[in-house]
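Undergrad: Each chain, letter by letter, is given below.
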Amino acid sequence: MSMDYREVWTVIHGMIFGLIFLLGFSGAIYALHSLRQDWQTQQGLERNSRNIKIYLWVLAVCVWAAVLTGTYIVYPWYRATPPQGTYDLSAYPRYFLISSAATEGWHEFGMEWKEHVAFLAPIAATVTAYAASYFGPRLAWRTQERRAIMIFFIFAFATAAAAGLFGALITKAAPIQ
Amino acid sequence: MENKMDKPNGPVAAALLAGGIGCAVLGVVTFANQVMPTSAFSQWLVWYKPVGALAGKSSVAIIIFLLAWAVLGLLWRRQEMRFGRIAVISFVLLAVGLIGTFPPFWLLFISPIPLP
Numbered sequence: 371m372s373m374d375y376r377e378v379w380t381v382i383h384g385m386i387f388g389l390i391f392l393l394g395f396s397g398a399i400y401a402l403h404s405l406r407q408d409w410q411t412q413q414g415l416e417r418n419s420r421n422i423k424i425y426l427w428v429l430a431v432c433v434w435a436a437v438l439t440g441t442y443i444v445y446p447w448y449r450a451t452p453p454q455g456t457y458d459l460s461a462y463p464r465y466f467l468i469s470s471a472a473t474e475g476w477h478e479f480g481m482e483w484k485e486h487v488a489f490l491a492p493i494a495a496t497v498t499a500y501a502a503s504y505f506g507p508r509l510a511w512r513t514q515e516r517r518a519i520m521i522f523f524i525f526a527f528a529t530a531a532a533a534g535l536f537g538a539l540i541t542k543a544a545p546i547q
Numbered sequence: 004m005e006n007k008m009d010k011p012n013g014p015v016a017a018a019l020l021a022g023g024i025g026c027a028v029l030g031v032v033t034f035a036n037q038v039m040p041t042s043a044f045s046q047w048l049v050w051y052k053p054v055g056a057l058a059g060k061s062s063v064a065i066i067i068f069l070l071a072w073a074v075l076g077l078l079w080r081r082q083e084m085r086f087g088r089i090a091v092i093s094f095v096l097l098a099v100g101l102i103g104t105f106p107p108f109w110l111l112f113i114s115p116i117p118l119p
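Protein chains in written order, with the working numbering: chain W, 371 to 547; chain U, 4 to 119.
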């Protein structure tokens, strides 16, 4: 039972930063949803809004870390070009996937979508964290604003989930080695 | 409890719209790169060779997002905005980002996806 350097970074990217964001989503969206002046006491609103602010910023930092480690550390290994005459493409995931009609869809749809859509998540998550920080407990009275940032956060989750799902499936089809 | 309306919504409206703009820019730049992979613009997007054009596409979107946030945030910092309208525009811009990064949409304009 061991992991090499590349596998460790793949785990940090997807199973630590990415997973923290995805697992943290449900708690954060419920916390935002329940930040209502008719549901909580004044003390509860102040305490919860402070906790939500910290929680959302931690999730935003995690999704930024997932995207940046994925793009600048893991992705170059994925798209590395094999030397001419290489027959075993298993160390070159992109070329391995496109070498067969049975697997090329994992690159041409899966990876192409994942690598781009992933960047939408940290932008939307940052906006959500900022809005919750800015309004604090006042968000309980700002129904329109709270709903809008919840939609942004759901969008962040959906795009991160799509990227994470394809990341896992592509890693299964052609692991980074 | 502080007054529920003692902070204007302008800064949050600015962040929301800037987020939408950043996402839409990613969608448009990605689409342009995919349908014109050999253009000078696509070559310019290769800011970091091991990552290819993804570095430029994502960095342009992030820079535009931050710039838009700074400019709009400055303009609207003391204003109470019509939030519903700005939210709807932001959601449309998110959709532009989503569509522009969706490979089957590119295939309506190119076939097949060429490798750089």
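These are calculated hints, taken from the structure and not from any lab test. Because the structure is a prediction, the values reported are computed rather than measured. Here a beta-carbon is modelled for each residue, glycine too, at the ideal position from N, C-alpha and C. Heads up, a few of these hints could be off.
Stated by the list, open to error - Heads up, incomplete: computed chain W residues facing chain U, CB under 10 Å, no partners named:
1. 375
2. 492
3. 494
4. 522
5. 542
6. 543
To be verified - Just a few of them, taken from the derived set where beta-carbon distance is under 10 Å, the chain U residues facing chain W:
7. 9
8. 22
9. 23
10. 30
11. 49
12. 77
13. 78
14. 81
15. 104
Undergrad: Can we keep the residue 22/U interface hint, with Cβ of chain W closer than 10 Å?
TA: 4 Å, holds
Undergrad: Could you check if residue 522/W really has its C-beta closer than 10 Å to a C-beta on chain U?
TA: With a minimum Cβ separation of about 7 Å from chain U (threshold 10 Å), the hint on residue 522/W holds.
Undergrad: Taking 10 Å as the limit, does the beta-carbon of residue 81/U come near enough to a beta-carbon in chain W?
TA: 13 Å, violated
Undergrad: Any CB of chain W closer than 10 Å to the CB of residue 23/U?
TA: Holds. Min distance 9 Å.
Undergrad: Classify the hint on residue 9/U as holds or violated, based on whether any CB of chain W lies nearer than 10 Å to its CB.
TA: 7 Å, holds
Undergrad: So, as I understand it, the hint says residue 104/U touches chain W; can you test that by seeing if any CB pair is closer than 10 Å?
TA: Cβ of residue 104/U sits 4 Å from chain W, so the hint holds.
Undergrad: Restraint: residue 543/W near chain U, CB-CB cut 10 Å. Satisfied or not?
TA: 17 Å, violated
Undergrad: Have a go at the residue 78/U hint: is there a Cβ in chain W nearer than 10 Å to its own Cβ?
TA: Since chain W brings no Cβ nearer than about 16 Å to residue 78/U, farther than 10 Å, the hint is violated.
Undergrad: Tell me if residue 30/U is really an interface residue toward chain W, meaning its C-beta lies closer than 10 Å to one of theirs.
TA: 8 Å, holds
Undergrad: Quick check on the hint: residue 375/W CB to chain U CB, less than 10 Å?
TA: Check failed: Cβ of residue 375/W comes no nearer than 16 Å to chain U, outside 10 Å.
Undergrad: Once the shortest beta carbon distance from residue 542/W to chain U is found, is it less than 10 Å?
TA: 20 Å, violated
Undergrad: Minimum Cβ distance from residue 49/U to chain W below 10 Å?
TA: 12 Å, violated
Hint check: violations occur at hints 1, 5, 6, 11, 12, 13, 14; the rest are consistent with the structure.
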